[in-house]
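K.L.:
Protein chains in written order, with our numbering: chain A, 1 to 327; chain B, 1001 to 1448.
Hints should not be assumed to be uniformly reliable.
As the list claims (entries may be wrong) - Calculated pairs, DSSO-like style, for lysine-lysine (alpha carbon to alpha carbon, straight line, at most 27 Å):
hint: 1; chain 1: B; residue 1: K1032; chain 2: B; residue 2: K1021
hint: 2; chain 1: B; residue 1: K1024; chain 2: B; residue 2: K1004
hint: 3; chain 1: B; residue 1: K1058; chain 2: B; residue 2: K1032
hint: 4; chain 1: B; residue 1: K1058; chain 2: B; residue 2: K1024
hint: 5; chain 1: B; residue 1: K1185; chain 2: A; residue 2: K323
hint: 6; chain 1: A; residue 1: K323; chain 2: B; residue 2: K1152
It is worth saying that the hints were derived from the structure and are not from the lab.
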Amino acid sequence: MPEQTVIEAVRDTMRAEMRRDETVILLGEDIGNRGGVFLATDGFIEEFGADRVIDTPLAESLICGLALGAAVNGMRPLAEIQFADFVWPAINQIVGEAARVRYGTNGLKTAPLTIRVPYGGGVRGGLYHSQSVEVLFAHTPGLTVVAPATPYDAKGLLASAIRSDDPVIVLEHKRTYRLVKGEVPAGDYTVPIGRAEIKRPGSDMTIVTYGLMLHYALQAAEAASEQGFDVEVLDLRTLRPLDSDAIAESVSRTGKVLIVQEDTPAVSISSEVAAIIGERCFFDLDAPITRLTPPEIPPMPFSPLQEAAFMPSPEKILAAITKLAEL
Amino acid sequence: MVFKIELPQVGESVTEAVIGKWLKSPGEHIDKYDPLVEVITDKVNMDVPAPATGTLTKILASEGDTVPMGSVIAEMETDEAVTQADSRSPSVPATPSGAKSETSPLAARIGTLVQGANVGPTGGEFLDTSLSPPTHDTATESAAPSQSNNEKLRFSPVVTRLAAQHGVDLTTLAGTGLGGRVTKKDVLTAVEEGITAGSATMPSPRVPRAAPGDDQVIEPTPIRRMIADHMVKSMTEIPHAWSAIEVDVTGMVEWRAANRQRFEQEHGVRLTYLPITLRSVAAALKTNPRINSSWVDGKMVLKGAINVGVAVAADEGLIVPVVHDAAGASLLELAQQLDGLIERARSASMTLDDVRGGTFTLNNTGALGSVWGGAIINHPQAAILTTEAIVKRPVVISHNDTDTVVVRSMMNICLSFDHRIIDGAEASAFLQAVRAGLEAVDLNSEFE
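Let's have the full structure, built from the sequences with the hints guiding it.
P.N.:
Here it is, written out as structure tokens:
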């Protein structure tokens, strides 16, 4: 099976979906002649033309507004936000409008709109190229939010997103783009939205995580196994709707949970996961629900030392595993 | 000093680059920020600036080489001391499980991390984020409960639940958790090793200390639990019906009083009413086969053997030793068998053969003073008979149209029967057959 990086899987999937369905169009900054800031759309304008690969002005509200208008009129637009940090001007178009189309028209209209949002830190991106933006979207009824962490899931979930009849936010972690290589089947397949996956089975505790942290958690779990701790790693993959059955099943079985996320903790994905566990696993818990997250400070710092201090790392995860395992 | 020049991070997602043309040669003097080498990535092409002032001494990556970000591409001699971060102490391997030679399908799909793909800022100073030592002070880690001497007495929800489920006394377990905390694993290990209440290691039911007026919760012994399950099974599966008659056992009482001493001297066995009753019961079972049966999978199974269980109150609970082939035995044989069985039951030295194969049960509740009972059938049998206390009572006897009140020894016998198999008529016929057998005993009877 061919090996690909995440960015290669994303690129191939977009190309395949555009060939499969001519209503799929791309909108974004520098996605045409420049091929996208991460080269996700390299060569697309040559193949599909400027009518389907649309270079937009530097205005995210316009990108998402245009995409929404096209979506309710029969197209399947795929918008690219250059960096998640720049998505905020489009919040009204996404949260205030796109999320409410189906409800607001009593099901008469839907918004089959996909927005790719490269996010996350650990890339020396500092204040404006490192943000985790998932919570606002994951909080919003009417939106679907996926966060694939592997090339396989990147392809399968992006295909599911593009084919969905409702708006989907696809969060791609920038650091994984060229960092993670894995097998990707050449043929057509999708990964179902709303389904988490056990990426590493174990019996002593469950790590619930997503995005780049999945890979750090897997490294830490591997190191923990040498100390005799058998750690399960559950990759959420979809952040809205959360796969509460998978979370409850795993945590009920292991009795201990460590939630790891790159985002700050207050009112975050980890808060919701913890609530689900509290509601569904209380009588199976052998330890308090634990979380490993960055501290509550506004941005990802630029200084390498401070960025390292901010981000969870395999070592920090391993230390948290050990502490929880020995409890 | 020697300074190692590393390939700096360019762009947010780039992990490797191709070395282009070197703009300086070994031995050449370089000023800080002088363009040193061209690098080509799939995102950008750029010149790498010299990280310090000094002399280029060695080129380690040649033109055309593909090099991961952060790897050393050259060495230089600096004019002054320049600090260089060297923070690699990989206590956690940089590759996840997927990088192993035996790659599982799941691991292959998860993928591997490109080696050396950690980033450094433009300028060459490099700090490896993912491999830097843990900095717990700054990262937020939600607090697990701190260590305390009271952990032994704090139980997690799952520990409490499992302990109740399996009857484990948590105060007897040695916790392996922090501060001696009893963990889920500790409970499961205890269950596996059979350390539950009432097991061999803790023989008697333990009564937790309770304040006056508080309810006491007692863990049942395994035998008690078995009895409980058996009773529930019988009562829920079998539709019970009850019938009772009274028996004039004056003759039997007289016979026993007259023969007891001789019998015990001759045979060395105690003579109680039980073998006499059992003899009548066994004979009645022979002529009433439906009483000696079982309801099995929607069919009535009439038993070929007549094996009568006799309920015995032992220390740990109710035991029902079985007298096998009771219908073919003489009074002496019955007395001898019963004597041995009861002795073994009370001294807890029963064999498996002593308790299995019963087809009907006889319970002498009269020994405890009871005068009436509605026993629960010993599943899967079809009926159980209790013989109640023998009581002297005034009884009206009609003889030649004259009613006379006389004092007689009377005993009630009560039958609980499975109404799927046995109706009232059959139950009564059986009871009357037992009565007839018992009332036929008088001073002239010869059993031996």
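K.L.:
All the hints need checking, so say for each whether the structure fits it.
P.N.:
Okay, the hints, checked on the actual structure:
1. B:K1032 to B:K1021: With Cα atoms ~19 Å apart, K1032 (chain B) and K1021 (chain B) stay inside 27 Å; holds.
2. B:K1024 to B:K1004: holds (15 Å)
3. B:K1058 to B:K1032: holds (17 Å)
4. B:K1058 to B:K1024: Holds: K1058 (chain B) and K1024 (chain B) sit about 11 Å apart, inside 27 Å.
5. B:K1185 to A:K323: Holds, at roughly 16 Å.
6. A:K323 to B:K1152: holds (18 Å)
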